[in-house]
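Required output: the full structure, derived from the provided sequences and hints.
2 protein chains.
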Amino acid sequence: MNSTVTAKDLVGELAGCVPQGQVLSDTDSVRKYSHDDAEWAPFTTPLAVVLAQTTAEVAAVVSYASSHGLRVVPRGAGTGLSGGANSVTNCIVVSLELMTRILEINTDESLAVAEAGVINDDLREAVAAKGLWYPPDPASYKISTLGGNAATNAGGICCVKYGVTGDYVLGLTVVLPDGEIVHLGRRTAKGVTGYDLTSLLVGSEGTLGIITEVTVKLLPMSGREDRAVIGFFPSLQSAGQAVATVAASGIVPAALELIDSMCLRAVDEWLGLELPQDVHALLLAKVDEPGTTGAELANRVATIFSDSGGTNIEQATDPKEIDRLFLARRMAYPALERLGPVLTEDVCVPRSAVPEMLSRIQSSAAKNQVVIANIAHAGDGNLHPLIIAPVGDVAAVARAKTAFDEIVDACRELGGTVTGEHGVGLLKLPGAAAELEQGVINLHRSIKKALDPRGTLNPGKAFPHQP
Amino acid sequence: MNSTVTAKDLVGELAGCVPQGQVLSDTDSVRKYSHDDAEWAPFTTPLAVVLAQTTAEVAAVVSYASSHGLRVVPRGAGTGLSGGANSVTNCIVVSLELMTRILEINTDESLAVAEAGVINDDLREAVAAKGLWYPPDPASYKISTLGGNAATNAGGICCVKYGVTGDYVLGLTVVLPDGEIVHLGRRTAKGVTGYDLTSLLVGSEGTLGIITEVTVKLLPMSGREDRAVIGFFPSLQSAGQAVATVAASGIVPAALELIDSMCLRAVDEWLGLELPQDVHALLLAKVDEPGTTGAELANRVATIFSDSGGTNIEQATDPKEIDRLFLARRMAYPALERLGPVLTEDVCVPRSAVPEMLSRIQSSAAKNQVVIANIAHAGDGNLHPLIIAPVGDVAAVARAKTAFDEIVDACRELGGTVTGEHGVGLLKLPGAAAELEQGVINLHRSIKKALDPRGTLNPGKAFPHQP
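Residue numbers (the UniProt record's numbering), protein chains in the order written: chain F, 1 to 467; chain U, 1 to 467.
Certain hints may be false.
You can't tell identical chains apart in this list, so a pair holds if it fits in one copy or across any two.
As the list claims (entries may be wrong) - Distance condition first, Cα-Cα at most 30 Å in a straight line; then the derived DSSO-like pairs of lysine-lysine:
| id | residue 1 | residue 2 |
| --- | --- | --- |
| 1 | Lys320 | Lys130 |
| 2 | Lys142 | Lys320 |
| 3 | Lys32 | Lys142 |
| 4 | Lys217 | Lys161 |
None of these hints come from the bench; they were simulated from the model.
Structural data, given as structure tokens:
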């Protein structure tokens, strides 16, 4: 099949599915929509890109693709880090970025209904204006979409206390692989009618259906008072000990983040942090209990930090001061990107294995002569080793890939999972194949085949498809 | 097929799957294991009952049944209220009640691993001894099993703040319909490798697999201080208003229960409550924030109760005093059972629809001349109308069934779901058929057929199987 002709014909055909101007096939557009933010994950060039504005338009395109043997790759903001939105052979990319309407904010029921293209932070601000809180806070919250968050079951910093995206999804509007529109889940606080298909779709990376609307649970905005506690540590091990002690003490912090010396130096060189001497890790904690309870908890965290060898411990309650203390966390990623393209790892190990996992990452970096910095949602055991490979240095990239694989192996050896919050996409398919039992992989295949017999939606992603 | 011969042959065959003494086929045993606690749900007599002691034994029995065209009905403690454990034609009941080992309590990772037959309260006590808390608290917590809780995604009183069973299930050991053993989920705090099959199995009522072990997340025991607030109300509407105001105020209570006048009178006649005059509803709230924060919240709840027309408002912090205030809640069900067999309804409506739903229940009771009392997890909108039909009064039972159907219809009209926490089983199949879109029912059928093509496991339960 000649792809030029096909693409041209296809644009004409798709014009029957969506209004003029919403089908893109020019070189720049198909290139722009050909992949997400995953370094190294393979991608092709889509036949066309559709900017859908309604669920019915998504359904029309999927129905067309299904009946013509084409594939559909759904896409939110393209901020994914595993290649879940990367284009595949013979695919139409359906972008939901124009579906940005917040359809309902219900203060009586503490829920909101929004289209899939709504930016996470836009929903957060809209519900905050009505005294409500949408907790899920992936690092990309200012640019990523609710649909993408749901499709990948995105995590974030507050997960350690408040859970992940899936914990807030009550219901979904979904376009199935044949183009049928269904509504899953509920609007009530509880409900067990039938299988939990909402949770099956959440995190399925668009392989079973395209999420076009989400109904999310909200919490009250009131009743919380943020307090930050930070401390610098002489070793990753001492920082890891502090994390373990916080967990064992019965304190559930609202955030507990770790930044290693590599990150700290990168930020320091860029912004001038005036770091204390001999620093190998920074821990940043938040507690959000109000009043004296919160103050006591913050003091206990500070004491644990100190007892574990932490120095330069500071506390803050003023939002601006908290922002200042969390500066290194916020700037770590851009500071590292100044050093070269960053491959973001995403492994999650039992909390008690965090120090050992950090040691193994250091060993792998040394052995393979690559630069690996670490940001970690330490309270969850969710580590993001950031592997930096200089542009054009083929040998360094090869060594970085070796380190990537070693880290995934080490995580599994320590009882961990190969992706804590970014998803399998394409990048973690080998890791998923190693992690999941054959019987469990077979369950995935059976479900995919039952719901998408033609393999229309996002084929080859999310779990190992080939034996 | 002659069932007597079949049963005898079967016992011999099953002796190859499990040790002697674990296969029951005497009349008393098969009768005892023929149904759960659902009044009115149909049941048959099982061919045999197996008291499994290991996952391997469950697998052997399922494998045998699958290859011989028999059905398997899994069963925990048989406390279900929807007929999910009721025997079906040509079935072996596999009881997990002997699988009572708590395999691990991990304080570092805040998780526990337990066999499916462990009683909810036994796990609660065991983890409490290590400073940890297992929140899910179905009313049956002293007699129901973790496996049954997971298979039905059981709710309870603390759900309004702490969520349902599924919110605590990290992983499962499952026997699939062909007898294969798989391990789903994870032991880490986060993880998104592949589909969320754990959530698919939770609440699937044994139709996709038999849960033999559960890995559950635990919370710290410390950091909470219970405070109870109760108030009597002159009408269901004023009590409903108080519930709505609590929700809108940004307070998330740890419990918010409603008991109507019918329940109150039943308890009063039995135990002598010395009720205030003109009382039509009792609200019982708990808050569990520690220290001054908790005291302030309890005072705010008391003020809301008072402003909504509540009288005789009391607060308590002493555990014994809290028990005394919650006496009517604890004794409501046994007090009603003294009046006749109780059919427990389980509908969940949007919180704001609770007063209207209570009105409709009252109307239906009056119209059909049946006695209906109400216990409600009011903070969740989850109502348990308790329909009492005198033994042997055929006409009254028929009217009670009419009322049952009317309540289910009313719940759907108000945007609710036909089962908030008890499950579909057999009893709510018509309601589920009315609630679920045809496309969603088709998804259920596709998944069931893909994972259990022979229809071995608990056929006909959990969702409408027939078009």
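Quiz item: Looking at the structure, which of the earlier hints fail to hold?
Solution: none
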